[in-house]
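**Student:** Note that the protein sequences, when read in sequence, are chains A and B. Using the numbering used here, the letters of the first sequence correspond one by one to residues 1 to 377. Using the numbering used here, the letters of the second sequence correspond one by one to residues 1 to 377.
If you're looking for bench data, these hints aren't it; they were derived computationally from the structure. Just so we're clear, the structure is a prediction, and the values are computed from it rather than from any experiment. Mixed in with the good hints, there may be bad ones.
[As the list claims (entries may be wrong)] Calculated lysine-lysine pairs in the DSSO-like style (CA-CA distance at most 27 Å, straight line):
id : chain 1 : residue 1 : chain 2 : residue 2
1  : A       : K216      : A       : K279
2  : A       : K91       : B       : K376
3  : A       : K34       : B       : K335
[To be verified] Restraint-style ranges between C-beta atoms, simulated for each label pair:
id : chain 1 : residue 1 : chain 2 : residue 2 : range
4  : B       : R102      : A       : S112      : 42 to 48 Å
5  : A       : S161      : B       : R284      : 49 to 55 Å
6  : A       : S96       : B       : V358      : 41 to 47 Å
7  : B       : R100      : A       : L283      : 19 to 25 Å
8  : A       : S96       : B       : E248      : 32 to 38 Å
9  : B       : R344      : A       : A311      : 50 to 56 Å
10 : A       : E104      : B       : E156      : 35 to 41 Å
11 : B       : V358      : A       : L105      : 28 to 34 Å
12 : A       : L105      : B       : A239      : 33 to 39 Å
13 : B       : A165      : A       : S174      : 34 to 40 Å
14 : A       : A242      : B       : E156      : 27 to 33 Å
For glycine and all other residues, C-beta sits at the position ideal for the given N, C-alpha and C.
2 protein chains.
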Amino acid sequence: MTTRDTQHRTDQDTRVTQNTEAVWNTETEKVLTKLKEYALGPMRFMNLLSCFELGIVDVLRAEGPRTAVEIAERVGGAPAAIEQLLLLPVKDEFLSQDERGRYELAGLAHPSAADLGRVLPWMDMIKVICLRQLYWLTDSVRTGTVVGLKELYGHEGTLYSATAANDDLRASWSAMMDSVTDYIDGWFFANLQVRPGARILDLAGNTGLGAVLTRKYKAEADPAVVCFDFPEKEAAALATFAAHGESERCGFIGGDVFDGVPEGFDLVLIKHFLDMFDKDNVLRILRNVHAALEPGGEVCVLVPSHPEHLADTSSVDFFPAYFLGCTMGEGGPQKVSTYAAWAREAGFEVTTAISQDVASMPPDMVPMHGIIVGRKN
Amino acid sequence: MTTRDTQHRTDQDTRVTQNTEAVWNTETEKVLTKLKEYALGPMRFMNLLSCFELGIVDVLRAEGPRTAVEIAERVGGAPAAIEQLLLLPVKDEFLSQDERGRYELAGLAHPSAADLGRVLPWMDMIKVICLRQLYWLTDSVRTGTVVGLKELYGHEGTLYSATAANDDLRASWSAMMDSVTDYIDGWFFANLQVRPGARILDLAGNTGLGAVLTRKYKAEADPAVVCFDFPEKEAAALATFAAHGESERCGFIGGDVFDGVPEGFDLVLIKHFLDMFDKDNVLRILRNVHAALEPGGEVCVLVPSHPEHLADTSSVDFFPAYFLGCTMGEGGPQKVSTYAAWAREAGFEVTTAISQDVASMPPDMVPMHGIIVGRKN
């Protein structure tokens with residue numbers, strides 16, 4: 001290298017140093033770091049989920065430490081690809097790697113089968129219902145429609161109507177909902193007061209399972225429970241009742257909640273439903289319920305809700321994008337205090353407005369539920 | 001409520017409490033919390049990016065505090081949807097909301113235009129090149145092909161061939177690469193020693209910009225630089241040289257690096273290329289370079305690389321999923337020590353093996369680059 005070259009190189013070093021060692025103040029550094037974390041979210045998610053999908057976690061659990069070559073023989077793919085895929089789970093201590101290059105379960109050895117039985121359906125749902133659809137989130141917000149469902153499935157409508165014709169959506173969504181419902185029903189019914197012989201309407205009760213569960217959880221009150229939903233759900237609902245031996249005390253009424261709610265009930269349950277709608281539609285529903293009740297009649301709402309202090313759960317990390325971009329093109333949970341205010345606006349006296357205790361929820365659980373009970377006076 | 005009902009309810013409370021207040025030990029809690037963070041990654045990513053895409057950040061920056069109704073008037077969408085979308089950025093302090101419900105920039109007021117000029121092309125690339133494609137990561141690992149490109153674009157091949165026919169992929173990928181190249185070239189050329197009058201081959205030099213930049217950064221050495229790439233790139237490369245007034249000292253040779261490397265050069269540059277391949281192909285490339293050099297000739301590799309200690313950067317959070325599921329169906333960076341070992345395996349004496357200083361990188365920057373220089377003796 002000549003002297004001229006040396007000189008040139010030194011000049012450049014200085015410039016480069018000034019360029020790349022620019023100082024970011026603490027606030028800026030914090031924000032830029034957070035933006036990086038956001039950007040990496042989709043990559044981390046699918047990298048980890050693929051380790052489960054490929055069966056790598058199962059192989060390591062069942063067979064003990066294995067090299068990338070041994071794993072590739074069992075699950076497919078090139079050993080070099082397996083090595084790349086396992087870098088992140090090793091870095092984040094889900095797995096570990098010994099000095100001979102063999103992988104084994106580390107953090108992933110801890111969750112129970114029941115824990116993973118909650119987590120994996122949830123991750124699969126985010127993959128199937130959200131990951132690709134989110135690409136069109138901006139268009140969905142602009143149009144108030146789920147653009148991703150149209151682009152990917154040719155479906156114009158909501159996720160709930162799309163599940164009818166698309167097995168992959170239905171299977172993934174149902175597995176997640178079953179897991180959430182299993183978890184939340186105990187809490188809901190423990191907080192639900194039912195008078196003996198009460199006449200209960202399960203509003204938007206789908207194909208009747210909620211009615212059956214109400215009978216099961218409130219067996220000593222022996223309530224009569226009617227499932228109210230679109231008329232096309234009737235056959236499936238009646239089959240559900242028959243299958244559970246509940247045909248006598250369960251029934252079905254077909255209709256649309258936005259047109260009106262059947263009369264003659266002491267208690268109307270609205271479970272997992274109001275969060276699908278914006279305020280206008282929530283008020284229409286609550287007012288229709290209010291109009292259908294006799295004085296003394298009650299509505300009991302179970303709904304995923306944002307915490308009063310947003311940072312207390314990950315609710316807002318999930319639901320807005322889920323409802324706007326993946327399921328409804330509108331809606332999203334409100335705070336329990338907001339739902340209570342809306343119930344009052346619809347004419348109810350609010351007698352209960354409670355949230356789950358976050359400390360009692362599994363650490364992986366995102367939806368925090370609230371219960372709002374309103375009485376018509 | 002009757003006594004029987006009360007009794008029933010109390011029994012249930014106990015059961016429910018036992019059910020929902022199950023205790024997770026610290027290790028399990030840590031892992032389940034981490035799994036939740038992973039699962040939320042895609043949701044957070046697109047929620048935040050949509051705030052930029054819709055122009056909400058620009059409106060707040062230009063016009064000051066605005067309500068959801070005012071924002072919706074400017075950017076489209078329903079005010080209720082804007083409210084939901086802004087819950088997360090408020091929670092995470094990118095934005096704030098005052099007592100009148102008006103949103104304004106909080107954390108997002110700090111990054112400079114130059115900062116956002118790095119971050120936003122990066123986020124757009126993750127959306128366009130990765131978000132949907134990742135859905136097929138597991139299949140991509142199994143088959144060693146980019147299944148997402150086939151499913152979404154009907155393309156059988158790599159991202160690099162897909163960009164030719166798909167403007168959206170090309171635009172997003174190029175904007176990100178331009179940003180990374182702008183950032184890294186100063187560092188690379190500051191660490192590159194070029195003898196006066198050196199004959200340089202820019203291997204896989206695409207359409208010649210790298211050759212022009214080599215001339216610019218090493219102007220005092222006045223090297224002759226030849227771009228080597230597929231023959232179909234020749235016309236574009238010659239146009240690049242002409243546009244920069246470099247037709248005299250820049251040239252083009254068409255060929256395939258896997259078939260052989262042109263002889264007659266003092267220095268071969270391999271920039272942003274080896275990370276696309278697994279070991280076998282990296283060795284084929286390096287051996288072909290070695291065969292083409294005279295004794296004393298050098299190869300200089302610039303390559304994104306994983307840090308020796310995986311947790312030192314977010315490299316492994318990004319690259320494996322990117323290469324396996326979104327771009328190549330194989331490949332992915334190695335540690336600098338691994339590239340150095342492979343260079344030795346190909347016959348080189350390794351004279352330089354360095355990594356960027358992480359502390360000098362912008363806080364949002366993911367790729368950490370390494371330089372490996374090998375000499376043929």
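**Student:** Determine whether the Cβ-Cβ distance between L105/A and A239/B falls within the hinted range of 33 to 39 Å.
**Tutor:** 55 Å, violated
**Student:** For the pair supplied as a hint, K91/A and K376/B, is the alpha-carbon distance within the 27 Å limit?
**Tutor:** 36 Å, violated
**Student:** Given the hint of 41 to 47 Å, check if S96/A and V358/B actually sit that far apart at their C-beta atoms.
**Tutor:** At 23 Å between Cβs, range violated.
**Student:** Is the hinted range of 49 to 55 Å satisfied by the C-beta distance from S161/A to R284/B?
**Tutor:** At roughly 53 Å between Cβ atoms, R284/B and S161/A fall inside 49 to 55 Å, so the hint holds.
**Student:** K216/A and K279/A were given as a pair; does the straight-line alpha-carbon distance stay at or below 27 Å?
**Tutor:** Distance ~33 Å between K216/A and K279/A Cα, so the pair is violated.
**Student:** Between R100/B and L283/A, does the C-beta distance stay in 19 to 25 Å?
**Tutor:** The hinted range 19 to 25 Å holds for R100/B and L283/A, with Cβ atoms some 23 Å apart.
**Student:** Using the Cβ atoms, figure out if R344/B sits within 50 to 56 Å of A311/A.
**Tutor:** About 51 Å separates the Cβ atoms of R344/B and A311/A, which means 50 to 56 Å holds.
**Student:** Take a look at whether the Cβ-Cβ distance between E104/A and E156/B falls inside 35 to 41 Å.
**Tutor:** Distance hint for E104/A, E156/B holds at roughly 37 Å.
**Student:** Would you check the hint for K34/A and K335/B, treating anything up to 27 Å between C-alpha atoms as holding?
**Tutor:** Given that 27 Å is the threshold and the Cα spacing comes to 25 Å, the pair holds.
**Student:** Do V358/B and L105/A keep their Cβ atoms within the hinted range of 28 to 34 Å?
**Tutor:** Distance hint for V358/B, L105/A holds at roughly 29 Å.
**Student:** Are A242/A and E156/B spaced within 27 to 33 Å by their CB atoms?
**Tutor:** About 51 Å separates the Cβ atoms of A242/A and E156/B, which means 27 to 33 Å is violated.
**Student:** Assuming the hint says 34 to 40 Å, is it satisfied by the Cβ distance from A165/B to S174/A or not?
**Tutor:** Once the Cβ atoms are compared, 38 Å apart, the range 34 to 40 Å for S174/A and A165/B holds.
Taken one by one, the earlier hints fail for this structure at numbers 1, 2, 6, 8, 12 and 14, listed in ascending order.
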